[in-house]
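**Student:** These are the residues of each chain, in order.
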Amino acid sequence: MRDVVSCGSAGEVHALRSAALRASVALELLGWRALRNDLRWLRRTAGRLRDWDVSHGAAAPAQRSALVHELQAQLHSARAQCLPDALARVLQTRAPSHHLGPQGQLQCLARRALGTHDPHRLRQRLRRLRLALDMLGLTHDAGAMREVVDRLGRWHDELQAPQSSTLDRTYKKARRSWRRAAPIVRRYAS
Amino acid sequence: MRLWIVRHAPAVDPTAELPDAARALTPKGRERFATAVRGLRRLNASFDLIVHSPLLRAVQTAELLAPLNKGTMQVAPELALEPSEDLLALCAGQSVALVGHEPHVSTTVAWLTCGWESLGPTGAVLFKKGAVACLEGELRPGRMQLRGLWQPGVLRKLAR
Chain E
1 MRDVVSCGSA GEVHALRSAA LRASVALELL GWRALRNDLR WLRRTAGRLR DWDVSHGAAA
61 PAQRSALVHE LQAQLHSARA QCLPDALARV LQTRAPSHHL GPQGQLQCLA RRALGTHDPH
121 RLRQRLRRLR LALDMLGLTH DAGAMREVVD RLGRWHDELQ APQSSTLDRT YKKARRSWRR
181 AAPIVRRYAS
Chain S
191 MRLWIVRHAP AVDPTAELPD AARALTPKGR ERFATAVRGL RRLNASFDLI VHSPLLRAVQ
251 TAELLAPLNK GTMQVAPELA LEPSEDLLAL CAGQSVALVG HEPHVSTTVA WLTCGWESLG
311 PTGAVLFKKG AVACLEGELR PGRMQLRGLW QPGVLRKLAR
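Chains as they are written, first to last, in our numbering: chain E, 1 to 190; chain S, 191 to 350.
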């Protein structure tokens, strides 16, 4: 967060959003509901600048600079400033009493992934599942999720440029990798 | 609107090694407050938003209140300070719970009901750890009405 406040480069914004997502998945695995909305707010706040970077690249630096200032102002807010310490304290404590346990949380994440047919949502939910599998040391299954997430991501990016000649091929590749990964997700969901 | 003001449940005592912000709820405090939450459910308490202080004991208390929450949760350092207009600006919803600390919770009750900013050194509202007050009315100092103040023992009895 400090890096984004000082510089606001595309890489730092991406790192901030990734760190917030990882923290959110860690809280979910531990069964915490508190602070997850704050992390979502942080991701969405940084998401506006990230969307700009994806769609405009290096074009129109003046408009990007306005978005950077807007993000920096949000990161200076009391809510953002207290979040890292509050998060660190929560992650050091034991799980709440209603906690289902990591396997139960994993099951919830897998069921959520199976509960959508929208490719964008599927990608978001599989990304959370991948991070959870990674955190639990299930790296082989996490790798299968990563492949689908990456391919769906590539397809999603190509959708922004509809003249792309490879759109169909990219979508077919994403579908193929999802067909391979779906049994793994079903295994965790059951 | 309805405002539920909650003082955090009993936490471990501070020590030289343990910073105040990192004081966690005691196992007994957690268990008792979980029972008190069942008592709150009997009172038909439900929230659109839970705003809590970033101090660990308040985060843990808010987590225990989460089953009564239909909306979102938000951390707000304003709850670890004297009540202010900034705090009121965060309360977006028809039924909002604020989870904080003494002396600020009792000051908030007095400020919103009577418009006083300070009640003197002892405070006029007894707010045990885990106690809950319910205010109703317009969210402005002196414009709310105290509808209920339940000490934790009463809430636990309601849960039975």
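Don't read these hints as lab results, they were simulated from the structure.
Mixed in with the good hints, there may be bad ones.
As the list claims (entries may be wrong) - From the derived model, a few chain E residues whose C-beta atoms are all more than 10 Å from chain S:
id : residue
1  : N37
2  : R50
3  : D53
4  : L83
As the list claims (entries may be wrong) - To give a feel for the contact side, a few chain E residues facing chain S, derived at Cβ under 10 Å:
id : residue
5  : R33
6  : A34
7  : Q81
8  : D85
9  : L136
10 : T139
Nothing here was measured: the structure is a model prediction, and the numbers come from that model.
Ideal placement from N, C-alpha and C gives every residue a C-beta, glycine not left out.
**Student:** Holds or violated: the hint that E/L136 contacts chain S, with Cβ atoms closer than 10 Å.
**Tutor:** 22 Å, violated
**Student:** Would you check whether the claim that E/R50 is not at the interface survives, using Cβ distances to chain S and the 10 Å cut-off?
**Tutor:** 22 Å, holds
**Student:** E/R33 was flagged as interface toward chain S. Is the shortest Cβ-Cβ separation under 10 Å?
**Tutor:** 5 Å, holds
**Student:** Would you settle whether the hint for E/D85 is holds or violated, based on the nearest Cβ-Cβ distance to chain S being less than 10 Å?
**Tutor:** 7 Å, holds
**Student:** Does E/D53 clear chain S by more than 10 Å, comparing its Cβ with all Cβ atoms of that chain?
**Tutor:** 27 Å, holds
**Student:** If we take the beta carbon of E/N37, is the closest beta carbon in chain S still more than 10 Å away?
**Tutor:** Violated, because the least Cβ-Cβ distance between E/N37 and chain S comes to about 4 Å, which does not exceed 10 Å.
**Student:** Mind checking the CB of E/T139 against every CB in chain S and telling me if the closest is under 10 Å?
**Tutor:** 30 Å, violated
**Student:** Can the hint on E/Q81 be confirmed by a CB-to-CB distance to chain S that is less than 10 Å?
**Tutor:** Constraint on E/Q81 satisfied, holds at 7 Å.
**Student:** Over 10 Å from every CB of chain S: does E/L83 meet that, or does the non-interface label fail?
**Tutor:** 6 Å, violated
**Student:** With a cut-off of 10 Å on the beta carbons, see whether E/A34 makes it to chain S.
**Tutor:** Hint holds; E/A34 Cβ to chain S Cβ min 5 Å, cut 10 Å.
Of the numbered hints stated above, those contradicted by the structure are hints 1, 4, 9 and 10, listed in ascending order.
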